[in-house]
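Peer 1: The hints should help you fit chain L with the ligand onto chain A, whose structure is shown.
Residue numbers (this note's numbering), protein chains in the order written: chain A, 1 to 792; chain L, 1 to 271.
For the record, the hints were derived by calculation from the structure and aren't laboratory data. Take the hints with a grain of salt, since some may be wrong.
[Stated by the list, open to error] Listed next, the in silico DSS-like pairs over lysine-lysine satisfying Cα-Cα at most 27 Å (straight line):
| # | chain 1 | residue 1 | chain 2 | residue 2 |
| --- | --- | --- | --- | --- |
| 1 | L | 87 | A | 125 |
| 2 | A | 457 | A | 447 |
| 3 | L | 41 | A | 31 |
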Amino acid sequence: MTTTETTSGSKVLGQRVLRREDPKLLTGEAKFSDDLDIPGALHMAVLRSTVAHARITSIDTSAAKSRPGVVAVYTYDDLKDDWAGPMPCAWPVTADMKNPAHFPLANGKVNYVGDGVAVVLAHSKTAAVDALEAIEVGYEELDPVLDLEESLADSNVIHSEIGTNLSYTWELIPNKEAVDDAFAKAAYTVSERYIQQRLVPSAMEPRAVVVVPAPFGGDYTVYSATQVPHILKVMLALTVGVSETKLRVVAPSVGGGFGSKLNVYAEEVLALALARKLRRPVRWTEERSENAVATIHGRGQIQNIELAADADGKVTAVRVNLVADMGAYLQLVTPGIPLLGAFLYHGVYDIPNYSFTCRSVFTNKTPTDAYRGAGRPEATYAIERAMDALARKVGVSAVEIRKRNFIPTEKFPYNSAAGLVFDSGDYLTNFNKALDMMGMDELLAEKKLRIDAGSRKLLGIGISFFVEMCGLAPSRVLASLNYGAGGWEAATVRILPTSKIQVVTGTAPHGQGHETAWSMIVAEKLGVPLADIEVLHSDTAIAPYGMDTYGSRSLAVGGSAIHIATERVLDKAKAIAAHQLEVAEEDLDYAEGVFTVKGSPDRAFPLAAAALEAFTAHNLPDGMEPNLEASVSWDPPNFTFPYGSHIAVVEVDTETGKVDLVRYQAVDDCGNRVNPLIIEGQVHGGIAQGVAQALFEEASYDSAGNLISATLADYLVPSAAELPSFELGETVTPSPTNPLGVKGIGEAGTIASTPAVMNAIVDALSHLGIENIEMPASPERVWRAISAATRK
Amino acid sequence: MFPSTFDYVRAGSVAEAISILDGSDDAKLIAGGHSLLPLMKLRLAAPSTLVDIGRLSELNYIEDRGDHVAIGALTRHRDLETSAVLKHSVPILSHVAGEVGDPAVRHRGTIGGSIAHGDGASDLPAAVLALDATMVVRSASGERTVPAANFFKGFLETDLGQGEVLTEIRVPKVSGGWAYKKFNRRAQDWAIVGVAVVRNGSTRISLVNMGSTPLRASASENAINQGASIEEAANLASEGIDPPSDLNASAEYRRHLASVLVRRALQEASA
Ligand SMILES: Cc1cc2nc3c(=O)[nH]c(=O)nc-3n(C[C@H](O)[C@H](O)[C@H](O)COP(=O)(O)OP(=O)(O)OC[C@H]3O[C@@H](n4cnc5c(N)ncnc54)[C@H](O)[C@@H]3O)c2cc1C
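So that you can see chain A by itself, here it is in the shape it has in the complex:
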């Protein structure tokens, strides 16, 4: 645990300021979408397909319609004129990408268990849910496509209108000959195959939406448990066919998202379309087991990674072939997820030759999309597991192989073979700090002792050194990837007549603590009390522009926009103060909310007075507009590249196969540290989520395509009881890409921890000849691997 720290020269930044969001959340004052009391709202319930792949032969809604409390029941045929187009996919990654039309309700055919078939509106939630049971659907079942490689073979095509299960092939191969040459000349090669299982994001608050038509004017307010109110507004306008000027999207308190609420969902489209059709408020809250099938899943890839290395174990080339599971349809950014990792398969290593290919296929399963880390955990997993495999081949330690291959500090800014410019880094310093903190020598001695003593509890130490690209992103770079939007962020800072400060941000926090962190950025610059600053967000009527919150972008991009807007406001205040004091601006100092004349500190003009002057406008410099306000839309010049060393220690019970995580240490470098308390919270949650992938969580399907881990009794989200107290440290390498020098920390823990744990398990068992175990490393899987190895 780190103690109080302060970024040099600052007063507020770097302090462990308690989150101002928490009292509201803890006392229940905060309101989530389902808490909103909207008189007269109709409750919506969606009938979902119980089969993975089938033609719909009949739907009989008559009995459901006559049930008490039911107002309406609709199918695709009833609503096909109630929307303007299919569900949006905003990331057509290639010009020839196949994107089958996807509507809020199934059009004659269902393609996954959970696909919407009919919708009920009733006076109560229970009446709506009961009516679902009265709808009769006839299915002519088709064989489901569940396996990725089987899907690729195209022997059973899901969407016959596109003629193939392959959505797209995306390649990043700057120089194929050089890669082939490196492999031909390699002293060592490794060729690994890893499976990224599907994960259910499981945010604490399920999805929810409430659409309220205005009493006049044709306007709608959409309350949604979303990470992306701004994107949702644009997409709902286009998809439902409502003018964007008539839509206000509000994300009330949102209970986590992890990427699963970075989307536009059928229920949001249905609620708006039906509120318009019936001129009534419509509301829907997802049930927990519905969440498991109707909200996007994460990961879902087969990864083939090959490394070529010279005689010293220096890696000369990396070649990656992915097959990525899109699920049944493309949701908002489904096809782009593998691309977010595509540039990072060389990890933190100086690898000159690069080859990446991804083939993305449809399956009869819930659509996949962004899940905490999105693409980058997959890349980190593959390279960090493969580096350990290489170390075993070369006969050096996991520590040594990394030290031999790190991008050297003097090469920053570093031009990667994949075409990125890494902003800043000092990997060796970070790594050495982590190794020191961990006490590696004692651990290695203890590990050996246990093997020698024939202990049934073996120790394994796993290293994962990650780098990620976040702060998504320069808009021009996004354009080159065919992403449907920019990567800028908007901010407005205004100092009101009473000198209270409003900060309007386009980020959309759902648990991250932006209100606290953003007010710290402003307080730092202005030297005013935190309590005077209010952060407004997540309401498109208040914050009309924004790119929302995902991809660890909010601080690096949104925070920077706020910082710049604050600077502009301060500049304007300074001009007013100079005018009032009749001195040149250069002659003014500023501290703690007061301008003073250099050399005569008794001649002072407070910021509060400047705010009032700006408001009354009685005596402003010639040509100056009234009011103390600045709006900024800031487009970052580059990504940021946070990194860090994560080390896991596991104990493996060789009799039962059970793995216990006994220590976990993370030394992260996220650039300058705005609020260490928030950073640690993000790292803790992130580690837990990555450990969950390694040890616990898996969306398991049976051979008919039913999700059999559809409750939280079967889908094993770990709790604190399964995790050790995390040991955290840090290094600070400011990013030169933004004025705050920050990098992003929201996904770091998740990205790094999965390979750290898996490397630790393999490390515990490698002397038995075990090189890989599939995730999650359940006791049975580990036991089977040990049994097979010891039987040999």
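Peer 2: Only chain L with the ligand this time, still in chain A's reference frame:
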């Protein structure tokens, strides 16, 4: 996650509960609700009426009765876990109660509900089986007792008939060693396999989640009672038993676990 519509009656006494049950063909008792309500929410159970006996204090007690301890059916897991009487005379039972679910579950769930539910994956039914406890059952026609060995009949099926209330569990005091081994992946989970060992003169071993009911590991019991080594006895843990396969474990792995856990439990109970 919404149950079908049902009627709700709170019974003021055991007699009243029995008479309501007798007047209906599918009314169900609800005690802590922690097994019944999940089934109802998944719509795997849809009783027309719930008869709430959860607050009947007449059935909430733990009493020392000389050679045995009598436990009222509505005693919460948490009360078993913290009972001085049990810790002294039947320590395995308070230990097992402390292994059930999480604190919220233990504050609501009752021993009677757990046993009446008769889930082969539950902890307390296996414990009372290893303890050779006796169930006291009341109905309109009076009271009868059923030994644990005859109580669990099949998947979620017990010797209880419609109109019968489990009122008391009588547990013999334990003088010898005991052990409970619960193997699961998360602290709050059900056992993937569990093993209870009670050495009270002879040795009794019961298994959790190795079949549709709690089971005795008879082959292991016979072996150990006839002087076999712990290792030999443990290897017989799943003899004659056909364990289920599910997401957490295949039948083969369950058999293996049963042997490992029986061995560990016997070692601990003998230490
Ligand atoms: C999240 C969660 C985790 C859990 N984890 C575990 C675990 O790890 N191990 C474990 O063993 N259990 C676990 N349980 C189950 C828990 O122990 C239940 O409380 C217990 O199984 C049932 O007790 P109850 O009082 O809640 O019964 P109820 O749910 O009220 O009733 C269960 C059944 O018994 C009947 N019944 C109840 N009382 C009587 C009576 N006196 N006479 C006749 N019939 C009666 C009811 O009609 C119903 O059919 C868990 C439950 C939950 C929700």
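Peer 1: Each hint needs a verdict: does it hold in this structure or not?
Peer 2: Against the structure, the hints:
1. A C-alpha spacing of about 47 Å is found between residue 87 of chain L and residue 125 of chain A, which places the hinted pair above 27 Å, so the restraint is violated.
2. For the proposed pair residue 457 of chain A and residue 447 of chain A, the alpha carbon gap of about 10 Å is at most 27 Å, so the pair holds.
3. Between residue 41 of chain L and residue 31 of chain A the CA atoms are separated by roughly 25 Å; this keeps the pair inside 27 Å, and the hint holds.
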